[in-house]
Amino acid sequence: GESVGLHLPTLSVQEGDNSIINCAYSNSASDYFIWYKQESGKGPQFIIDIRSNMDKRQGQRVTVLLNKTVKHLSLQIAATQPGDSAVYFCAEIFTGGGNKLTFGTGTQLKVEL
Amino acid sequence: GAGVSQSPSNKVTEKGKDVELRCDPISGHTALYWYRQSLGQGLEFLIYFQGNSAPDKSGLPSDRFSAERTGGSVSTLTIQRTQQEDSAVYLCASSTRQGQSSYEQYFGPGTRLTVT
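Protein chains in written order, with the working numbering: chain A, 2 to 114; chain B, 15 to 130.
Simulated from the structure, these hints should not be mistaken for laboratory data. Some hints could be false.
Unchecked claim - Here's a subset of chain A near chain B, in silico, CB distances under 7 Å, partners left out:
1) G44
2) K57
3) G97
4) T106
Claimed, not checked - Below 35 Å or equal to it, Euclidean Cα-Cα: the simulated DSBU-like pairs (lysine-lysine) are:
5) B:K29 / A:K72
6) A:K111 / A:K43
7) A:K69 / A:K111
8) A:K69 / B:K29
9) B:K25 / B:K71
10) B:K25 / A:K43
11) A:K72 / A:K57
12) A:K57 / A:K69
13) A:K111 / A:K57
14) A:K111 / A:K72
15) B:K71 / A:K57
16) B:K31 / B:K71
17) A:K43 / A:K57
18) B:K31 / A:K69
19) A:K43 / A:K69
20) B:K71 / A:K43
21) B:K31 / A:K111
22) B:K25 / A:K72
23) A:K43 / A:K72
Quick caveat: nothing in here was measured; it's all calculated off a predicted structure. Just so you know, even glycine gets a beta-carbon here, dropped at the ideal spot from N, CA and C.
The task is simple: from the sequences and hints, build the whole structure.
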């Protein structure tokens, strides 16, 4: 699986810098959010999740911030590495409605050496 | 253990033919999802199976699309009378409801369908 020729927003960063990828979600009733990473030719891979009763969650080199007031998510990647180059998608779930994921458009992250 | 597998990895078919796409979920996962990733549309939900419950078919784009899940495991997505706009990557995902500590869905590599 890959992002098939979409005109995706692109974020270019230097290796070692921090990256911030933003996402606006659509459903104010959504109560669970996931960030996925998709490399060329592969399916989406889980990075980090956050529930709507939280506004921040940290993982290894990644932090997700949630602002429910403006329906905005961000993914921060610390010390970005070449292996972080991929398309990043946010996804929202309304857990009362069947757990299907609604994906954002995606952002292409390019890490420059 | 093995992840989600899908077959075939690539499928080229002529317009008007029927195709079947297969998904083998992670063993023990009770929920199975199909998504489509196409040019200009991003990733979109198609259908969702949860245990023995009736599937959520709300994302299927037309009645040419159908899916079944046999024995609570393997799933087949069938597209009848394929059209060029059906060309996309079809992704399958599975998840477990046990404990529900996470709603993470594990994705397969996808099947790239090209309708000529």
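Here is what the structure says about each hint:
no.	hint	verdict
1	G44	3 Å, holds
2	K57	18 Å, violated
3	G97	12 Å, violated
4	T106	6 Å, holds
5	B:K29 / A:K72	41 Å, violated
6	A:K111 / A:K43	17 Å, holds
7	A:K69 / A:K111	28 Å, holds
8	A:K69 / B:K29	45 Å, violated
9	B:K25 / B:K71	23 Å, holds
10	B:K25 / A:K43	16 Å, holds
11	A:K72 / A:K57	14 Å, holds
12	A:K57 / A:K69	11 Å, holds
13	A:K111 / A:K57	25 Å, holds
14	A:K111 / A:K72	26 Å, holds
15	B:K71 / A:K57	33 Å, holds
16	B:K31 / B:K71	22 Å, holds
17	A:K43 / A:K57	28 Å, holds
18	B:K31 / A:K69	46 Å, violated
19	A:K43 / A:K69	31 Å, holds
20	B:K71 / A:K43	25 Å, holds
21	B:K31 / A:K111	39 Å, violated
22	B:K25 / A:K72	38 Å, violated
23	A:K43 / A:K72	28 Å, holds
Checked against the numbered hints listed earlier, the structure breaks hints 2, 3, 5, 8, 18, 21 and 22; every other hint is satisfied.
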